[in-house]
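K.L.:
Letter by letter, the chains look like this.
2 protein chains.
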Amino acid sequence: MTTQRLVLATRNRHKVAELLAILTEAGLDVELVGADAYPHIPDVPETGVTFAENALLKAHALAQATGLPAVADDSGLCVDVLGGAPGIFSARWSGRHGDDQANLDLLLAQLGDIDAPHRGAHFACAAALALPDGTEQVVEGTLDGTLRTAPAGTGGFGYDPILQPHGETRTCAELTPAEKNAISHRGKAFRALVPIVKQLLG
Amino acid sequence: MTTQRLVLATRNRHKVAELLAILTEAGLDVELVGADAYPHIPDVPETGVTFAENALLKAHALAQATGLPAVADDSGLCVDVLGGAPGIFSARWSGRHGDDQANLDLLLAQLGDIDAPHRGAHFACAAALALPDGTEQVVEGTLDGTLRTAPAGTGGFGYDPILQPHGETRTCAELTPAEKNAISHRGKAFRALVPIVKQLLG
Numbered sequence: 488m489t490t491q492r493l494v495l496a497t498r499n500r501h502k503v504a505e506l507l508a509i510l511t512e513a514g515l516d517v518e519l520v521g522a523d524a525y526p527h528i529p530d531v532p533e534t535g536v537t538f539a540e541n542a543l544l545k546a547h548a549l550a551q552a553t554g555l556p557a558v559a560d561d562s563g564l565c566v567d568v569l570g571g572a573p574g575i576f577s578a579r580w581s582g583r584h585g586d587d588q589a590n591l592d593l594l595l596a597q598l599g600d601i602d603a604p605h606r607g608a609h610f611a612c613a614a615a616l617a618l619p620d621g622t623e624q625v626v627e628g629t630l631d632g633t634l635r636t637a638p639a640g641t642g643g644f645g646y647d648p649i650l651q652p653h654g655e656t657r658t659c660a661e662l663t664p665a666e667k668n669a670i671s672h673r674g675k676a677f678r679a680l681v682p683i684v685k686q687l688l689g
Numbered sequence: 488m489t490t491q492r493l494v495l496a497t498r499n500r501h502k503v504a505e506l507l508a509i510l511t512e513a514g515l516d517v518e519l520v521g522a523d524a525y526p527h528i529p530d531v532p533e534t535g536v537t538f539a540e541n542a543l544l545k546a547h548a549l550a551q552a553t554g555l556p557a558v559a560d561d562s563g564l565c566v567d568v569l570g571g572a573p574g575i576f577s578a579r580w581s582g583r584h585g586d587d588q589a590n591l592d593l594l595l596a597q598l599g600d601i602d603a604p605h606r607g608a609h610f611a612c613a614a615a616l617a618l619p620d621g622t623e624q625v626v627e628g629t630l631d632g633t634l635r636t637a638p639a640g641t642g643g644f645g646y647d648p649i650l651q652p653h654g655e656t657r658t659c660a661e662l663t664p665a666e667k668n669a670i671s672h673r674g675k676a677f678r679a680l681v682p683i684v685k686q687l688l689g
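Read top to bottom, the protein sequences are chains Y and D. Quick note on numbering: my numbering labels position 37 of the first sequence as 524, and the sequence is numbered without any gaps. Quick note on numbering: my numbering labels position 76 of the second sequence as 563, and the sequence is numbered without any gaps.
Treat the hints as calculated values from the structure; they're not laboratory data. Incorrect hints may have been included.
[Unchecked claim] Partial list, derived from the structure: chain Y residues whose beta carbon lies under 8 Å from chain D:
{"no.": "1", "residue": "Glu533"}
{"no.": "2", "residue": "Thr534"}
{"no.": "3", "residue": "Val536"}
{"no.": "4", "residue": "Val568"}
{"no.": "5", "residue": "Gly570"}
{"no.": "6", "residue": "Gly574"}
{"no.": "7", "residue": "Arg579"}
Just so it is clear, CB atoms sit at the ideal spot from N, CA and C, and this is done for glycine as well.
Sequences and hints are given; from them, build the entire structure.
P.N.:
Written out as structure tokens, the structure is:
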């Protein structure tokens, strides 16, 4: 039996590395290829209004374009006092897609007057699998915590330097990659996706 | 009987003019003074997490500082797909308090991928009255509509150029001040406050 190839719908190298670690650790024996291996395939507009809708949009688009099973995630930071925003807009919160520093700085400025009891937030991730025949599955994972007033730590990416998980004294950016993957929204979602991938591709 | 003096907890000249028109039209026979008449009184941090909490915070602080009855409002734009944000953060959405253009530009950039059926939003206003003895009342008003993808109109302020009220073909910034006050969140809230002011100060 040849190794199955699975395409990851992300060009973010941080995410590719993180997902490789999570999926390999969870015992998924497939060849993972990032979307950057298919530079001619345009990014799909993320027109969904939930993490699950956007993850499925990206997975289906990539499965159709490559003829291979595709996995995608959509994830973000949901702030209680913002009614769950930035949410699906996390990566473009400052208006500039992928500018982690600008996104994080803006969020801290917006929440400047908000004190600790009202700084609850959680990371959320929807992980989707789509096959070229249209089959789809999507699962979700979350990580609850509170928002710091200033960033701490140099690991991770995105909003990791300002989210302190419940039960932790460190931010996500101060955890080791293994510690983070063990509790993270993305870790939970992709570990839940592994048995589904195995069943559908097995 | 001497005319009662009432202090308005805002230094925003647009808001002072708008409230003067609304309250006079509603038959409130009081002398209205803006907070800029008391330049030594510092602005109170808006630490509330609802419009009503922030309106009451501002009204109480001004009533205590001046020894006069004080009215305050907190208002903002609540976007459905953002879970009600910007909400209480509307005036500082870009991180720069009161920069209407930056706030509006940021919101349009954040919602760039979101199409018409998901661009529902409403303006909300809480109007509060506080007396120096601690008596308080707060009422709310809303204006439902949809968000344009580009600003239109030069009237009003804040997010007026991008909210098109339900049943209208124009944005709030294309309405005359009288048309806007007749349907607006702030008009509704302050008209509801008038009989309360009359009763408590009468």
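K.L.:
Look at each hint and say if it fits the structure.
P.N.:
Comparing the hints with the structure gives:
1. Glu533: Result: holds, 5 Å to nearest chain D Cβ.
2. Thr534: Nearest chain D Cβ about 5 Å off; hint holds.
3. Val536: holds, 5 Å
4. Val568: holds, 5 Å
5. Gly570: Y/Gly570 check passes; min Cβ-Cβ to chain D is 3 Å, inside 8 Å.
6. Gly574: Hint on Y/Gly574: holds, closest Cβ of chain D at ~7 Å, below 8 Å.
7. Arg579: With a closest approach of 6 Å, the Y/Arg579 hint holds.
Consistency note: the structure conflicts with none of the earlier hints.
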